[in-house]
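Trainee: Sequence:
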Amino acid sequence: MLSLSDNLLDKFCKAYNLDPTFKSKWIAPPSPFQDHRLGQRFFKDDQGLLFFEDVNASIHLCIPKCLQPRFLELVHCSMGETARAGAEKLRAFLAHKIYWPRMNADIERYCTLCDIRQKTKARNFKKYGLLIPNPIPNHPFQSISMDLIVSLPMSELFNVILVVVCRLSKYVQFIPTTSGLSAADFTKLFTDKIICHFGVSDSIISDRDPRWTHNFWKAVSQHLGLTMHLSSSHHPQHNGQTEITNRALETALHAYVAQDKASWASWLSLLEFAHNTAISSTMGYSPAFLLYGFQPSNIMDAIIPMDQCCVSCANIAGDFLLSLDSHRAAACDAMAHVQHNQAQQFNKGCHPLEFNIGDLVLVNLHSLVWKESKGEGAKLVQCLIGSFEVQQQINDNVYHLCMGDNFPGSTVFNVQHLQPYQASLVEFSERITLPDTHADKPPLEEFEVGKIVTHCKTPDQAAWNSSSAEQAIPLCMTCG
Numbered sequence: 001m002l003s004l005s006d007n008l009l010d011k012f013c014k015a016y017n018l019d020p021t022f023k024s025k026w027i028a029p030p031s032p033f034q035d036h037r038l039g040q041r042f043f044k045d046d047q048g049l050l051f052f053e054d055v056n057a058s059i060h061l062c063i064p065k066c067l068q069p070r071f072l073e074l075v076h077c078s079m080g081e082t083a084r085a086g087a088e089k090l091r092a093f094l095a096h097k098i099y100w101p102r103m104n105a106d107i108e109r110y111c112t113l114c115d116i117r118q119k120t121k122a123r124n125f126k127k128y129g130l131l132i133p134n135p136i137p138n139h140p141f142q143s144i145s146m147d148l149i150v151s152l153p154m155s156e157l158f159n160v161i162l163v164v165v166c167r168l169s170k171y172v173q174f175i176p177t178t179s180g181l182s183a184a185d186f187t188k189l190f191t192d193k194i195i196c197h198f199g200v201s202d203s204i205i206s207d208r209d210p211r212w213t214h215n216f217w218k219a220v221s222q223h224l225g226l227t228m229h230l231s232s233s234h235h236p237q238h239n240g241q242t243e244i245t246n247r248a249l250e251t252a253l254h255a256y257v258a259q260d261k262a263s264w265a266s267w268l269s270l271l272e273f274a275h276n277t278a279i280s281s282t283m284g285y286s287p288a289f290l291l292y293g294f295q296p297s298n299i300m301d302a303i304i305p306m307d308q309c310c311v312s313c314a315n316i317a318g319d320f321l322l323s324l325d326s327h328r329a330a331a332c333d334a335m336a337h338v339q340h341n342q343a344q345q346f347n348k349g350c351h352p353l354e355f356n357i358g359d360l361v362l363v364n365l366h367s368l369v370w371k372e373s374k375g376e377g378a379k380l381v382q383c384l385i386g387s388f389e390v391q392q393q394i395n396d397n398v399y400h401l402c403m404g405d406n407f408p409g410s411t412v413f414n415v416q417h418l419q420p421y422q423a424s425l426v427e428f429s430e431r432i433t434l435p436d437t438h439a440d441k442p443p444l445e446e447f448e449v450g451k452i453v454t455h456c457k458t459p460d461q462a463a464w465n466s467s468s469a470e471q472a473i474p475l476c477m478t479c480g
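Numbering (the working numbering), first residue to last: 1 to 480.
Simulated from the structure, these hints should not be mistaken for laboratory data.
Just so you know, not all the hints are guaranteed correct.
Unchecked claim - Mimicking SDA-like on lysine to any residue, the simulated pairs with C-alpha atoms at most 25 Å apart in a straight line are:
(1) 65 <-> 121
(2) 188 <-> 220
(3) 89 <-> 100
(4) 65 <-> 82
(5) 14 <-> 69
(6) 11 <-> 69
(7) 121 <-> 420
(8) 25 <-> 61
(9) 89 <-> 113
Could you build the full structure based on these sequences and the hints that come with them?
Mentor: Dropping the structure here:
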């Protein structure tokens, strides 16, 4: 016999009387001796509680609709019961104790719509989003990709390499520059090194470097008719060609600057020539040949007379002479074939996912530049944050989200970093939600120097406005 408090027992009785499913059975429940059809026997005990006997002759307490969310929350949220586990465990825990019609379906929905579970559960399925190859341009430098290799030691007054790659011929430019490069400086550098030699491109693929998202560069690119295709957060596949070129350049530099790391700038021109004259395994031609129509001479041409070696890509390709346009068309076909194979292999481990404007999504925490996602304690941080509303669909895989000012970085994400969010239903009452793991740093309080307190050979002390003389703070200055 089940024993409940008077207050809870009164709630049950009132709920039974208002419940459309159990009201008729509670007012005049059939006797277990009058109806022996298995699975359809209801009876009421002396306290007024309604019970159901299933096909296995197990007795279950009938829960009226208004009390069902409370029972689900009690067991689902309890650390000593199911500790926010999935529907299977919750169903197994409740199935032999309580009953209401379509209980399994309600349990499934309740667990699926749990805010905390959606944000903390790790994925164990294929990644979202299919690989969509970038379109192949029609002629050299019609479309380029670029990136910066940063954090290099100073070499000939440079500490950064600007890598520019023609997306058709794969011709590269390794341009040394500095980390202090502004948007205006980059515009001049890009004009001198790229536009003046190869003309104005139609489109540029790059990451979201501040120099390329600056209003100055946006105005210049718009005036020139340039279309900027900026990558989404933490999605290097968008600019995979330049990433691979960066890796090849860094690997080559490792071999030549091991003894003198400050000499890397002096090797860029030779490494650029080596890359541009090497035969591509994808296209079967060198970048220089596809750009200029001939294969530049190299050291081997000085050792072996030109009339004894085959230096023409036309001779390598066959016994007949093909035009430069034919070679470029063949290179395009080769790239298209490789892109198709790459997409086919990549998409085996992914499945498509699309959102509509206004949908709610969760964002992978590691897609944002948050200190909580790295270092000590990172394993205990929730997997996903949100929810955020989809504001714009940029392409089949990239979406712009409506996020507050408290979230650092870009608000444009690839679908592989997103997950659909399902808000809980009104029928489950108000539920606990997990706040985002993010606490804004308080703004640093600034003071103006009021007066110099002492003058000495040791570090000076200054009294700050809004501070007392006893709270004077040492300044790292050298007194003359």
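Trainee: Need the list of violated hint numbers for this structure, in ascending order.
Mentor: 1
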